[in-house]
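Spelled out from the first residue to the last, the chains are:
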Amino acid sequence: MKTSNDCVNNNYLEYVKSISPKTKQKRSLLRAFWVGGVICLVGQGFRYLFEYGLGMSGDELSSYVSMVMIFLGSFLTGLGVYDRIGKYAGGGSIVPITGFANSVVSPSMEFKTEGYVYGTAAKMFVVAGPIIVFGIASSVLVGILYFIGFRIF
Amino acid sequence: MKRTIYFKNKPVIIGASSIAGPKESEGSIGKFIETTLNDDMYGEETFEKAESKMLFTAIKKATDNAHKKETEIDTIISGDLLNQIIASTFAARNFSSGYLGIYNACATFTEGLTIGATLVDGCYMNNVVCASSSHFSSAERQYRYPLELGCVRPPQSQWTVTGAGACIISTEGSGPKITASTVGRVIDYGVIDANNMGAAMAGAAADTLYTHFVETGLEPDAYDLIISGDLGTLGSRILKDLVWEKGFDIEKQHVDCGELIYNICESEYQGGSGAGCSSVVFCSYIMERLRENKLKKILIMSTGALLSSVSTQQGDSIPGIAHAVSVES
Amino acid sequence: MVLEVLFTLLKVFVVGGAICTIAQLLINYTKITAGKILVIFLLAGVVLQSVGLYQYLVDFAGAGATVPICGFGYLLADGAIKGAKISLFKAVTGGISSAAMGITAAIVFGYIFALIFKSRSKRN
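These protein sequence lines map, in sequence, to chains V, A and D. If you read the first sequence in this note's numbering, its first letter stands for residue 1, the second for the next number, and so on. If you read the second sequence in this note's numbering, its first letter stands for residue 1001, the second for the next number, and so on. If you read the third sequence in this note's numbering, its first letter stands for residue 2001, the second for the next number, and so on.
These are calculated hints, taken from the structure and not from any lab test. Just to be clear, a hint being listed does not mean it is correct.
Unchecked claim - Computed beta-carbon distance windows for the label pairs:
id	chain 1	residue 1	chain 2	residue 2	range
1	V	15	A	1222	24 to 30 Å
2	V	15	A	1083	30 to 36 Å
3	V	3	D	2056	47 to 53 Å
4	A	1173	V	27	25 to 31 Å
5	A	1071	V	18	55 to 61 Å
6	V	15	A	1247	14 to 20 Å
7	V	116	A	1039	23 to 29 Å
8	A	1251	V	8	26 to 32 Å
9	V	115	A	1293	38 to 44 Å
10	A	1083	V	27	35 to 41 Å
Stated by the list, open to error - DSSO-like mimics (lysine-lysine), calculated; alpha carbons at most 30 Å apart, straight line:
id	chain 1	residue 1	chain 2	residue 2
11	A	1049	A	1002
12	A	1049	D	2118
13	D	2122	A	1031
14	A	1296	A	1049
15	V	22	A	1246
16	V	2	A	1246
17	D	2118	V	22
18	A	1252	V	22
19	D	2031	V	2
20	A	1240	V	17
21	V	2	A	1031
22	D	2122	V	87
23	A	1240	D	2031
24	V	17	D	2036
25	D	2036	V	112
26	V	22	D	2036
As the list claims (entries may be wrong) - Some chain A residues flagged as far from chain V (calculated, every beta-carbon gap over 10 Å):
id	residue
27	1007
28	1031
29	1093
30	1095
31	1151
32	1156
33	1173
34	1191
35	1317
Note that this is a predicted model, so its numbers are computed, not measured. Ideal placement from N, C-alpha and C gives every residue a C-beta, glycine not left out.
Model the full structure from these sequences, guided by the hints.
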């Protein structure tokens, strides 16, 4: 039986590649840059607010800032605005923490029709699940390596 | 091996109806679409239910347009893009007719026409409905990402048509006649990019078209229009190139439903796709022109990309299929 | 004072923008999907912090380095390393406890907004 690999017709794929429309490189990079920069500026704004306005510092400060950013990302997703930003900015809105919030909320909203347990809750991490998995797993690895390191040296 | 069927008794398309969402209704063939919706939820709670209701409406109105009673319809042949073709089956439970559920992705409509015409031509049945539907939002969830996820659409991607089309094929009556049909072959050139369906389907379309010309002995000039299903701008260009390589020039006759259905200048994308794309265009604009006798002989060839979200995840390439049906006024 | 703040904001903007531009380059040239981009950037943050480099970027650019997802990786690695100084238990749980606010916020806000809002169909 044929597998997908047997079907590969390199001449055809080359030809398709040669006539496929190209992403507008400069434009997309510029958009990612300024939107990404602005989102970070918003984060910095909250940082100043919490630092000088509420007298927070250290881990507490950065935790609250990321909480606010996640709130904004989720809210804009709910309003149906974030995917517009994403379409415009690409990487500029995917990479900030607001994009993480977007990837949590969007499947959750989408699958609400399948119920509040198996839809909203279970499908919440369809897109963002790997981030939690790899993040926590790698932090445990780093922690253990450092623990061994500290005990040896 | 022969893949072309000739219908001796010339089954007649006695009625058709189309329904489409707001984006399609604003497009270049919008004014030919019978039912246009302002809201693509169509008063339902979910996109899947809306799609099913659209299909139901299209079948119902097509029956009315053909001046047939529901009880006179022998069988409904229908398909869509949802898992286990639920839009079709759920629409069919409203009717007392028989039901054949079919799936060939976006080529479902011409597959249905072929089966329907065969049943009618063989005098096994008198009136058969052929229908297909698709819905942007339900397809997007199934094949791609959640609607609200902020991701970039690559420039080679297409837009799934929200709409449904149905037509009634009958042994007698007035209307365009189905004269021949070429059954397509599954062809895979190893395209992996699920966003570039035009390229995945163009190979199959070229093969079907070439086979049709060779087996019938016709030249492209024999047709007023050669209509491909949903190849989009890029796929259409590939099709023309591939067919030209084999010695047929379809430049003059070729149009693509995907290119036709939206005002293409409005975005950078390739045009429409989906099982509803060719059925909406055929059951509105093309039927109208055939009835007016402005088009005398056309070849409609819906094209399908036979992928699933599972096969894409597992890294398989995308096989394509295309069935061609020749219709004369 | 004003000049200093403006200069910091400029640093935030440039560093944050630059990180996003790298992501866009990856999208343009490699066809990597959004989910994988996020994982790559997260792991980059973890790795850079575990060799002690990301801290410099955070000190330099503030939110420009912490708001992108690699800042989340930085937080996880930072917590784990700090915990490792204390005990094995803290080494294992340090990462997730320093990132607890982010994960909790995502789940809680995510669920609440998913209850309130509904996915809309798109026109373009």
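**Item:** Unmet hints by their number, sorted upward, for this structure
**Value:** Hints 4, 9, 11, 14, 17, 21, 31, 32, 34 and 35 are the ones this structure does not satisfy, whereas the remaining hints hold.
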